[in-house]
Amino acid sequence: MEFKRTIIRTLSILGQRGAFGYALTEIAKINDEIIALTADLCTTSGLDRFKNAYPERVVNVGIAEQNMIGIAAGMSSLGYIPFATTFANFAALRSCEQMRHFMGYMEENIKIVGFGGGFAMGMFGITHYGIEDIASIRSISNITILSPADGLETAKATIAASQFKGPVYLRLTGVMNHPIVYKEDYEFEIGKAIQLKDGCDIAIFSTGGMVHQSLQAAKQLEDQGISCKVVNVHTIKPIDKVAIYKALDTKLIVTVEEHSIIGGLGSTVAEVLSEIKEKPPQLTIGVSGEYKPAGSYEFMLEQYGLTNNHISEKILEKYREAI
Amino acid sequence: MIYIDIIKKCEMASLSMRKNILHLAHQAGSNGSHVGPALSIVEIMAVLYLQTININPSNPTWELRDRFLLSKGHGALGYYVAMYEAGMISKEDLYSYEVNGGFFPGQPSKNLSLGIEYSGGSLGMGLSYGAGIAWAAKQKNEKFKVFVLMGDGELNEGSVWESVMFAKHNKLSNLTAIIDKNNMQSDGSSEDIISIDIEALWRSFGWEVSTSDGHNVKQLTEAFKQNNTDNPKVIIANTIKGKGISFMENSKDWHHNRLTDDLYQKALKELEKTGGADDGI
Numbered sequence: 001m002e003f004k005r006t007i008i009r010t011l012s013i014l015g016q017r018g019a020f021g022y023a024l025t026e027i028a029k030i031n032d033e034i035i036a037l038t039a040d041l042c043t044t045s046g047l048d049r050f051k052n053a054y055p056e057r058v059v060n061v062g063i064a065e066q067n068m069i070g071i072a073a074g075m076s077s078l079g080y081i082p083f084a085t086t087f088a089n090f091a092a093l094r095s096c097e098q099m100r101h102f103m104g105y106m107e108e109n110i111k112i113v114g115f116g117g118g119f120a121m122g123m124f125g126i127t128h129y130g131i132e133d134i135a136s137i138r139s140i141s142n143i144t145i146l147s148p149a150d151g152l153e154t155a156k157a158t159i160a161a162s163q164f165k166g167p168v169y170l171r172l173t174g175v176m177n178h179p180i181v182y183k184e185d186y187e188f189e190i191g192k193a194i195q196l197k198d199g200c201d202i203a204i205f206s207t208g209g210m211v212h213q214s215l216q217a218a219k220q221l222e223d224q225g226i227s228c229k230v231v232n233v234h235t236i237k238p239i240d241k242v243a244i245y246k247a248l249d250t251k252l253i254v255t256v257e258e259h260s261i262i263g264g265l266g267s268t269v270a271e272v273l274s275e276i277k278e279k280p281p282q283l284t285i286g287v288s289g290e291y292k293p294a295g296s297y298e299f300m301l302e303q304y305g306l307t308n309n310h311i312s313e314k315i316l317e318k319y320r321e322a323i
Numbered sequence: 001m002i003y004i005d006i007i008k009k010c011e012m013a014s015l016s017m018r019k020n021i022l023h024l025a026h027q028a029g030s031n032g033s034h035v036g037p038a039l040s041i042v043e044i045m046a047v048l049y050l051q052t053i054n055i056n057p058s059n060p061t062w063e064l065r066d067r068f069l070l071s072k073g074h075g076a077l078g079y080y081v082a083m084y085e086a087g088m089i090s091k092e093d094l095y096s097y098e099v100n101g102g103f104f105p106g107q108p109s110k111n112l113s114l115g116i117e118y119s120g121g122s123l124g125m126g127l128s129y130g131a132g133i134a135w136a137a138k139q140k141n142e143k144f145k146v147f148v149l150m151g152d153g154e155l156n157e158g159s160v161w162e163s164v165m166f167a168k169h170n171k172l173s174n175l176t177a178i179i180d181k182n183n184m185q186s187d188g189s190s191e192d193i194i195s196i197d198i199e200a201l202w203r204s205f206g207w208e209v210s211t212s213d214g215h216n217v218k219q220l221t222e223a224f225k226q227n228n229t230d231n232p233k234v235i236i237a238n239t240i241k242g243k244g245i246s247f248m249e250n251s252k253d254w255h256h257n258r259l260t261d262d263l264y265q266k267a268l269k270e271l272e273k274t275g276g277a278d279d280g281i
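One line per chain: the protein sequences are B and F, in this order. In terms of our numbering, the first sequence has 211 at position 211, counting the first letter as 1, and numbering is strictly consecutive. In terms of our numbering, the second sequence has 150 at position 150, counting the first letter as 1, and numbering is strictly consecutive.
Honestly, the hints are just simulated from the structure, not real lab data. Among the hints, a few may not be true.
[What the hints assert, rightly or not] Simulated pairs of lysine to aspartate or glutamate, DMTMM-like, Cα-Cα distance not exceeding 25 Å:
1) F:Lys110 - B:Glu33
2) B:Lys165 - F:Glu63
3) F:Lys168 - B:Asp40
4) F:Lys110 - B:Glu97
5) F:Lys140 - B:Asp32
6) B:Lys279 - B:Glu317
7) F:Lys140 - F:Glu208
8) F:Lys273 - F:Asp262
9) F:Lys110 - B:Glu107
10) F:Lys19 - F:Glu92
11) B:Lys165 - F:Glu142
12) F:Lys9 - F:Glu142
13) F:Lys140 - B:Glu26
14) B:Lys51 - B:Asp32
15) F:Lys143 - B:Asp32
16) F:Lys269 - F:Asp253
17) F:Lys171 - B:Asp40
18) F:Lys171 - B:Glu56
19) F:Lys110 - F:Glu98
20) B:Lys318 - B:Glu302
21) F:Lys140 - B:Glu107
22) B:Lys29 - F:Asp5
It should be emphasised that the depicted structure is a prediction, and the values quoted were computed from it without experimental measurement.
Chain B on its own, in the form it takes in the complex:
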């Protein structure tokens, strides 16, 4: 599928959910086995476009996420490629055992799309924040975890998931008018992190909506004479170990994610580093502490220190300790 600049802009305006719906509709044109499932969140999932084009290929299971995973698994046993969608936390927490059973244990070829990862659901509140989903899913065998950085990457990750044989959890973050990370089409390969910017003092590994914030934070640090490499970790599992090894000659390794600092990208990178004797210190930036009062997306990022200003400040402080 070709992505021209106008499409890339549209995907950014739509946000990750809309970009997913766009991509799935395009894939369905050429692959009859694509089925979309929703647990009463068709519009919220960005599936309206798909439903208009292929009404008979959308299955609404009602507000029943656990059932949705089993149904998707059953469909896949007859060759369908089901994309089952719901909020990230409902998929990963309420249906966690179904994901373990049907995706981990039985290895059915289904794709779970968890949207609203991080704080995208804003005023919906804490029940709708997806900040523990990576942690819960990552410990289950056989599930590939994708976490795209912008609209274009969401479309490319959706295509890659449809072509990949095996269970995939696609984590979507951010809201509409998603900042653009990729202005032009590029090569996306599951399991291969992408270096977006070179640098020698600090290596920042970032994922999802935090990639854009990290690029901006890196720019702020550059202004202070600190050279930062920024790597987009669009695949959290399997992790690209080589990309981490390439950062061993820096003075500080940083991870940034819109997710709990326990069990997410930071933990994944730490697990890789733990096997290495000589390594730089690590700073894990993400969601920590108690559940804070709900607010808008921007408010929540501010509150948890996940804006570019906060990120660069935290990095600077740690960097001064490290050198």
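Dock chain F against chain B, hints included.
Below, chain F without anything else, positioned relative to chain B:
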């Protein structure tokens, strides 16, 4: 005449299946086995595997086969012995029950080349998988049927009812659920734990409901006959946990237990005495 022969065949097989269940439970030694839950499904499994479901023992992955899912995975012994009677698996396979690292563990693990469609064990998930297969089969115009065997205790799981609603709404008439209603669960009598009117519940969800003596091969055979409605079908099979062995019947202790040498001999003698004749035709 042919019909009577089939009934007789299922009854004879049931006796042989019970003997094999005891043999395997004894062989499993201190690992222990879910003996009671296996003995209660023997006739159901015999009818399914020897006459109702359309399978090809020499080609377990035949695309048009009916799908059978043992959602109550702890009935594994009753399942394996039926597959053996149907010629799906060899005696060697059967006797590898609960062997470390083997293909026939205490709860079935999906293995299509052996004819095992579903990994059981965690309750309340088989019906959703079956509903997904049934939906896909309708969509693809496949004529095969899907059968899901559940326990009555399993109906405590809320996820079951999510699947029940889905199947009715989508008119999955190619889906049949079977409830092994032995009125017992791990901690004892279902009546004491969660008391529900199973038949009224399924009926209220719009399913085609029939009841049967779960140890009467003839009644079960009738119950499995064609569903002519648009609705999914459930057969509530009234059974006895531990059926056939007096000291196991309706005993919570035999939900999962170790069959010692003495008890094995005692149980075998009982089976030989009854000779399976109590089911009659």
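Results for each hint:
Annotation: proposed proximity of F:Lys110 to B:Glu33 holds, straight-line Cα distance about 23 Å (limit 25 Å). Restraint check for B:Lys165 and F:Glu63: satisfied, since their Cα atoms lie roughly 20 Å apart, inside the 25 Å limit. The straight-line distance between the Cα atoms of F:Lys168 and B:Asp40 is roughly 17 Å, inside the 25 Å bound, and the hint therefore holds. With a C-alpha separation of about 17 Å, the suggested pairing of F:Lys110 with B:Glu97 holds against the 25 Å cut-off.
Proposed proximity of F:Lys140 and B:Asp32 is supported: the alpha carbons are some 11 Å apart, at most 25 Å. Restraint check for B:Lys279 and B:Glu317: the C-alpha separation of about 19 Å stays at or below 25 Å, so the hint holds. Distance check on the hinted pair: F:Lys140 and F:Glu208 sit about 23 Å apart at the alpha-carbon level, within 25 Å; holds. The hinted pair formed by F:Lys273 and F:Asp262 meets the criterion: a straight-line CA distance of about 17 Å does not exceed 25 Å.
Our distance criterion of 25 Å between C-alpha atoms is met by F:Lys110 and B:Glu107, whose separation comes to about 10 Å. The suggested pairing of F:Lys19 with F:Glu92 holds, with an alpha-carbon distance near 16 Å, which does not exceed 25 Å. A C-alpha spacing of about 24 Å is found between B:Lys165 and F:Glu142, which places the hinted pair at or below 25 Å, so the restraint holds. For the hint linking F:Lys9 to F:Glu142, the alpha-carbon distance of about 30 Å lies beyond 25 Å, and the restraint is violated.
With a C-alpha separation of about 22 Å, the suggested pair F:Lys140 and B:Glu26 falls inside the 25 Å cut-off, and the hint holds. Of the pairs offered as hints, the one joining B:Lys51 and B:Asp32 holds, with about 14 Å between alpha carbons and a cut-off of 25 Å not exceeded. Between the alpha carbons of F:Lys143 and B:Asp32 the distance comes to roughly 20 Å, so the proposed pair stays at or under 25 Å and holds. With a CA separation close to 20 Å, the supplied pair F:Lys269 and F:Asp253 stays within the 25 Å bound.
Pair hint F:Lys171 plus B:Asp40 holds up; C-alpha atoms about 19 Å apart against a cutoff of 25 Å. Of the pairs offered as hints, the one joining F:Lys171 and B:Glu56 holds, with about 15 Å between alpha carbons and a cut-off of 25 Å not exceeded. The hinted pair formed by F:Lys110 and F:Glu98 meets the criterion: a straight-line CA distance of about 15 Å does not exceed 25 Å. Proposed proximity of B:Lys318 and B:Glu302 is supported: the alpha carbons are some 19 Å apart, at most 25 Å.
At most 25 Å may separate the alpha-carbon atoms for a hinted pair to count; F:Lys140 and B:Glu107 meet this at roughly 22 Å. Using a Cα cut-off of 25 Å, the hinted pair B:Lys29 and F:Asp5 is violated, with the two alpha carbons roughly 53 Å apart.
The structure fails hints 12, 22 (numbered hints given earlier, in ascending order).
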